[in-house]
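*Asks:* Protein chains in written order, with the numbering used here: chain A, 1 to 234; chain B, 1 to 329.
FYI, nobody ran anything at the bench for these hints, they're computed from the structure.
Possibly wrong hints are sitting among the right ones.
The list that follows gives simulated cross-link-like pairs (lysine-lysine, PhoX-like), each with its CA atoms no further than 25 Å apart [said to hold, decoys possible]:
id, chain 1, residue 1, chain 2, residue 2
1, A, Lys97, B, Lys213
2, A, Lys16, B, Lys250
3, A, Lys174, A, Lys213
4, A, Lys174, B, Lys65
5, A, Lys174, A, Lys67
Pairwise CB distance ranges, derived in the manner of DEER restraints [claimed, not checked]:
id, chain 1, residue 1, chain 2, residue 2, range
6, B, Pro327, A, Glu160, 37 to 47 Å
7, B, Asn189, A, Leu13, 34 to 44 Å
8, B, Thr263, A, Leu13, 21 to 31 Å
9, B, Glu46, A, Leu203, 38 to 48 Å
10, B, Gly276, A, Thr83, 17 to 27 Å
11, A, Gly142, B, Asp309, 51 to 61 Å
12, B, Asp124, A, Thr75, 42 to 52 Å
13, A, Arg186, B, Cys100, 38 to 48 Å
14, B, Asp23, A, Ser50, 17 to 27 Å
By construction, the Cβ of each residue, glycine as well, lies at the ideal position given by its N, Cα and C atoms.
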Amino acid sequence: MKWRFLGDEPTTLMRKGAEASIFLEEWHGRRVVMKTRLPKSYRVDSLDSSIRLARTLREAHLLHDSKRAGVPAPTVYQVMTDTCTIVMEYVEGPRLKEALTKMRGPDLSSTCRLVGILISRLHSRGIVHGDLTTSNMILRGGMKIFLIDFGLSDYSHELEARGVDMLLMSRAFKSTHFSLHSTAFRAVVNGYRTIAGEHDTQLVLEKMREIGKRGRYSERPRQGALSHIEQGEV
Amino acid sequence: MPAFILGIESTAHTFGASVVDSDGHILSDIKRVYVPAPGQGIHPREAAQHHSSVADVVIRGALSKSGIGPKDLDGVAVALGPGLGPTLRIGATLARAIACRLRIPLIPVHHAIGHIEIGALTTDARDPLVVLLSGGHTAIAAFASHRWRIYGETEDITLGNLLDMFARSAGLQSPGGPAIERLASRGGNFVELPYTVKGNDVSYSGLLTAATKMLRAGPRLEDLCFSLQEVSFSMLAEAAERSLAHTEKKEVLLVGGVAANSTLRNKLEIVASEHGAIFRAVDLKFAGDCGAQISWAGALAFNHRLFIDITHSQVKPRWRVDEVEVPWR
């Protein structure tokens, strides 16, 4: 492959993610991560190559803009369009997915509060992350949280997109950290509020709940006249 | 001596009945399916009328085929939801009557748990990532701490809805999935359609609108069906892949009526093998809605004495799968 320009240097596959493979490499004396979007054989070629290229370019832009928004993210060193590869800074530390399980009350709350602040900073700069899970956050030095995967991120000021972000965050806590969910998500919302303010936070949460109710079989407000039929008729 | 359970399914277009024993032998599985006129969807009242007119034959058939007499039954299981209220009530009413008459326990079953358990039974999957694709569900679930947790799902319409509604607009026969699959196999020119994955979730409503508009715009129907399948299935495969990478499960289990589609099965098989997981699909005899999914899930619940009092056995048209406590896993 073209980007193995260090010759004999062994390439280590760090993580085979869903849409990209992450390799740990030496690059001009630095430890870097190479994120390559390998072709997916389950997609037809034309669909696959346009999705991979568009996401690679967008992700590189978003990684950069995220830092400008005050959200720690890996620094982009190089983008290779022919292989759909981004060369970026290697951020060392545990994933929040693992780190959270070891935390208790105050630590958990302050960490999740910081997550909320970061999400809010992105949103205020017109960025939505699109894939907020605790696997996509790295805790460096026990203090600083890096958002690492901008593969599904986008530029949007729409309430809808922000609502989806918060819904995904909430869902991630519900599915992976179900015992911590309410504490963790409340702290995220508190953090979000410090940047976005009460009014905008409420709008986003309202939208989040509305989106959550769109899917099938979520609890919806009963529709007046029909309610007695659904509830009790035998 | 195993327990014998009668199961009744009536959540949507299928009225099914089945007898299983608690050792996992499916002794009978009989069903009749309400088929709406071409270009139309399920009319809930007509479907309910259909079910009540075939119920007698189906239930008697399931009993006689199993060789188990009514007096040998240990429990009657029924899908109380989710689904269409009018059709659910047909199954529920019959199950209550049978439970009363035979003085045996009534066992409430969640339709989707039925799909998952019949999938697990027929494939020996132990702890899979489940891709659940029935008319009413497009969800990716894994079991954790007593419940099936949803890792990804559709944010609007289900894959089954997408295929059915598109097929209806194209004037194809119901059910839409097989009709689209047949046409797609004769297509091959890819037409660009919106591809929407959000995290582990998918959204199909925009795809439906775009594909439906294109019915008038020009591409051959075969190519449009091919592209619709490619885009919608690839979205699902990607969502499943993301959930698989996140949960790190070693098995992928496809259940529900859409499991019959071979293009979809191929895509999920690729996803599973790329992540070192084994792909399994429910035995196609039990992929679509059927009584066996209810009787078998009922048998598992029976072992844990999960019975419901008849006075509390109202149907639950919007019952979510992640609300259900599952003690047997």
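*Asks:* Decide, hint by hint, whether the structure agrees.
*Replies:* Hints, one by one, checked against the model:
1. Under the criterion of a C-alpha separation no larger than 25 Å, the hint pairing Lys97/A with Lys213/B is inconsistent with the structure, at around 43 Å.
2. At roughly 14 Å between alpha-carbon atoms, Lys16/A and Lys250/B fall within 25 Å of each other, so this suggested pair holds.
3. Restraint check: the Cα-Cα separation between Lys174/A and Lys213/A comes to about 16 Å, which is no more than 25 Å; the hinted pair holds.
4. For the suggested pair Lys174/A and Lys65/B, the alpha carbons sit about 44 Å apart, so the restraint of at most 25 Å is broken.
5. A distance of roughly 28 Å separates the Cα atoms of Lys174/A and Lys67/A; the hinted pair therefore is violated under the 25 Å criterion.
6. Hint check: Pro327/B to Glu160/A, Cβ distance near 39 Å, so the stated range 37 to 47 Å holds.
7. Against the hinted window of 34 to 44 Å, the Cβ-Cβ separation of Asn189/B and Leu13/A comes to about 36 Å, which satisfies the hint.
8. About 29 Å separates the C-beta atoms of Thr263/B and Leu13/A, a value consistent with the hinted range of 21 to 31 Å.
9. Taking the beta carbon of each, Glu46/B and Leu203/A are about 43 Å apart, inside 38 to 48 Å as hinted.
10. Taking the beta carbon of each, Gly276/B and Thr83/A are about 24 Å apart, inside 17 to 27 Å as hinted.
11. Evaluation of the 51 to 61 Å hint for Gly142/A and Asp309/B yields a pass: the beta carbon distance comes to about 53 Å.
12. Separation of Asp124/B from Thr75/A is about 48 Å and conforms to the stated range, judged on CB atoms against 42 to 52 Å.
13. Between Arg186/A and Cys100/B the beta carbon distance is about 47 Å. The supplied range of 38 to 48 Å therefore holds.
14. Hint check: Asp23/B to Ser50/A, Cβ distance near 52 Å, so the stated range 17 to 27 Å is violated.
Comparing the model with each numbered hint stated earlier shows that hints 1, 4, 5 and 14 do not hold.
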